[in-house]
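Required output: the full structure, derived from the provided sequences and hints.
2 protein chains.
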Amino acid sequence: RYFHFCKLPGRVMGIRLLRFTSVVIIVLLLVAGALTALLPNIKDDKMPNSRREPKTQSQSALDSFTLIMQTYNRTDLLLKLLNHYQAIPHLHKVIVVWNNIGEKIPEEMWNSLGPHPVPVVFKVQTVNRMRNRLQNFPELETKAVLMMDDDTLVSAHDLAFAFSVWQQFPEHIVGFVPRKHISTPSGVYSYGSFELQNPGFGNGDQYSMVLIGAAFFHSRYLEDFQRQPEAVYALIDETQNCDDIAMNFLVAKHTGKPSGVFVKPVDIRNLEKDTNSGYSGMWHRAEHLLQRSYCVNKLVHIYDGMPLKYSNIMISQFGFPNYANHKNKM
Amino acid sequence: RYFHFCKLPGRVMGIRLLRFTSVVIIVLLLVAGALTALLPNIKDDKMPNSRREPKTQSQSALDSFTLIMQTYNRTDLLLKLLNHYQAIPHLHKVIVVWNNIGEKIPEEMWNSLGPHPVPVVFKVQTVNRMRNRLQNFPELETKAVLMMDDDTLVSAHDLAFAFSVWQQFPEHIVGFVPRKHISTPSGVYSYGSFELQNPGFGNGDQYSMVLIGAAFFHSRYLEDFQRQPEAVYALIDETQNCDDIAMNFLVAKHTGKPSGVFVKPVDIRNLEKDTNSGYSGMWHRAEHLLQRSYCVNKLVHIYDGMPLKYSNIMISQFGFPNYANHKNKM
Chain D
1 RYFHFCKLPG RVMGIRLLRF TSVVIIVLLL VAGALTALLP NIKDDKMPNS RREPKTQSQS
61 ALDSFTLIMQ TYNRTDLLLK LLNHYQAIPH LHKVIVVWNN IGEKIPEEMW NSLGPHPVPV
121 VFKVQTVNRM RNRLQNFPEL ETKAVLMMDD DTLVSAHDLA FAFSVWQQFP EHIVGFVPRK
181 HISTPSGVYS YGSFELQNPG FGNGDQYSMV LIGAAFFHSR YLEDFQRQPE AVYALIDETQ
241 NCDDIAMNFL VAKHTGKPSG VFVKPVDIRN LEKDTNSGYS GMWHRAEHLL QRSYCVNKLV
301 HIYDGMPLKY SNIMISQFGF PNYANHKNKM
Chain G
1 RYFHFCKLPG RVMGIRLLRF TSVVIIVLLL VAGALTALLP NIKDDKMPNS RREPKTQSQS
61 ALDSFTLIMQ TYNRTDLLLK LLNHYQAIPH LHKVIVVWNN IGEKIPEEMW NSLGPHPVPV
121 VFKVQTVNRM RNRLQNFPEL ETKAVLMMDD DTLVSAHDLA FAFSVWQQFP EHIVGFVPRK
181 HISTPSGVYS YGSFELQNPG FGNGDQYSMV LIGAAFFHSR YLEDFQRQPE AVYALIDETQ
241 NCDDIAMNFL VAKHTGKPSG VFVKPVDIRN LEKDTNSGYS GMWHRAEHLL QRSYCVNKLV
301 HIYDGMPLKY SNIMISQFGF PNYANHKNKM
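Residue numbers (the UniProt record's numbering), protein chains in the order written: chain D, 1 to 330; chain G, 1 to 330.
Keep in mind that the hints are not guaranteed to be accurate.
[What the hints assert, rightly or not] 20 Å max Cα-Cα, derived SDA-like pairs, lysine to any residue:
id, chain 1, residue 1, chain 2, residue 2
1, D, Lys253, G, Lys253
2, D, Lys257, D, Val300
3, D, Lys309, G, Ala160
4, G, Lys257, G, Phe320
5, G, Lys257, D, Val300
6, G, Lys309, D, Ser164
7, D, Lys309, G, Asp63
8, D, Lys257, G, Pro170
9, G, Lys309, D, Asn73
10, D, Lys309, G, Lys309
11, G, Lys257, D, Gln168
12, G, Lys257, D, Asp63
13, D, Lys309, G, Gln167
14, D, Lys273, D, Asp63
15, G, Lys80, G, Lys257
16, D, Lys257, G, Asp63
17, D, Lys93, D, Val300
18, D, Lys257, G, Asp267
19, G, Lys257, D, Leu140
20, G, Lys253, D, Leu222
21, D, Lys257, G, Lys309
22, D, Lys80, D, Asp63
23, D, Lys309, G, Lys253
24, G, Lys309, D, Lys123
[Stated by the list, open to error] Covered stretches of chain D, as calculated for chain G (at least 3 residues, CB under 8 Å):
id, segment
25, 157-167
26, 231-240
27, 308-320
Hints listed in this document are in silico derivations from the structure and should not be mistaken for laboratory results.
Every value quoted in this text rests on a predicted model; they were computed, and no experiment measured them.
Cβ atoms here follow ideal geometry from the backbone N, Cα and C, with glycine treated the same way.
Structural data, given as structure tokens:
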């Protein structure tokens, strides 16, 4: 009887124990949840080179670059340039954007004159568009892109140095052709080169863009270009111009800094005259510069602001081309 | 009787409840402790300008710099330089490190010829030491320090540009005098200037130090200098030399990058000849350069490795001093 009696309270206690254990578990979960919420979430690194790294990239793909060259109506020049650029150090691959619609690519001839140290891929296009060169090509395996116009020759030495500079400024467009915008009292922007002076600058000059026709930039910017407002593509196609200005807007918006780093070239040449096609570049058109001012203002409207920032930094190689070129001859 | 019976188990249960509650608390503490250990501990930001910001800093102290100039036996030159540097833009304060032991500071005369736009503080020293200028002066309110030798004049324009460059490279020594070390096959290092060529360099030249006798650097490096091995101070005092080499070691170790960024000066002058004291700088001593090679090897031994890295970047101002100085005259 006594024992019988005492089972009841025992059971009661068992139930309370059960309630307690569940309370313990719930509290533990709450505490765990609360503290876990305080853990850091992985932040996006601002430096583009440290994000979205394909696992497949070989080491060589990391310390080398891909040359992207768009060509139109200058196949003789193209072949001359392809020959020249084959000898560039750190060159991983060449992607030729073939804008000669319906025309056969010179691949057969190229291969017949091989072997060549660096593979060349011809990307046949269906429409002759300025922005064809700004695709996110699947053949592109390197972080670094060197984009060159098909009439411009830059010395191997300048390219090797500029690539080493790009490796120190991977989020910028590192190139040889600086340009700038000027804001006028009317609020309308004007596009120009070093001849166009801004009284506000004080001593020296400044630039707010580095053209991509002779520049290194990060391949992730080609991905980013695919996600721009339709109006940007429309503007570029309407003018067959300004894709380089758009890229500078894109980079300046991404970094919040000047889009470009200007490297002073020692030897850069325009080979236009050398082509037998007699074709001369788009920039000879009377409206070329006017179009580019027009584009700057359009892009400011599309992006709802002026992201371009000024820089007055010019980088050259210490002790080259002249021994002691850092000594001033004054 | 029945009730009497059931009190006993009740008390027993009370004790068990008590035990349980304490178990709960202990478990909670353990879990809390474990999860808290997972929380991020505040990391030292690599960029020195974003650490240890005195709350008191005025905005002007953030976008301005302090000139620190050590002087010995050239008071006439000092006054000439003080007059020159009074006109430099963004100059917040001048700290004169007075190494003329026992000699009266020219404060009275300086003030009698006032007013002066920028305050000048004379720091009277008790021992004439090279490294007196590397103290963490309480009067120093800016992040940026401009350190100048007392026989060197750099144009206001060069200083304004170099300061804008430093603001973009705040963790580096940004200055006008590059130097380098060379490793010889014997494993012994040699110190030199641009005359000393390293066959390994290929084209052009490189530097691994930027001297602090005409340079901008972050004030936090003066704090860091107070925490160096005693052997470093002993080496500097024994040679009355090499404090600038030690600073380059310190910065290179801190950043893991080249310690300096070289800005090509347009107008830098040595005014040594102008002093009436006839005193000529330490670097005229026959042993000066030998001492500096000696210091490099000693510092490698003290720091148990060679932290200095090479750079071949030379920065100049776009469009200055010549309009279109970025055009190559080739």
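Could you tell me which of the hints above the structure violates, numbers in ascending order?
1, 4, 5, 9, 10, 14, 15, 17, 18, 19, 20, 21, 22, 23, 24 and 26
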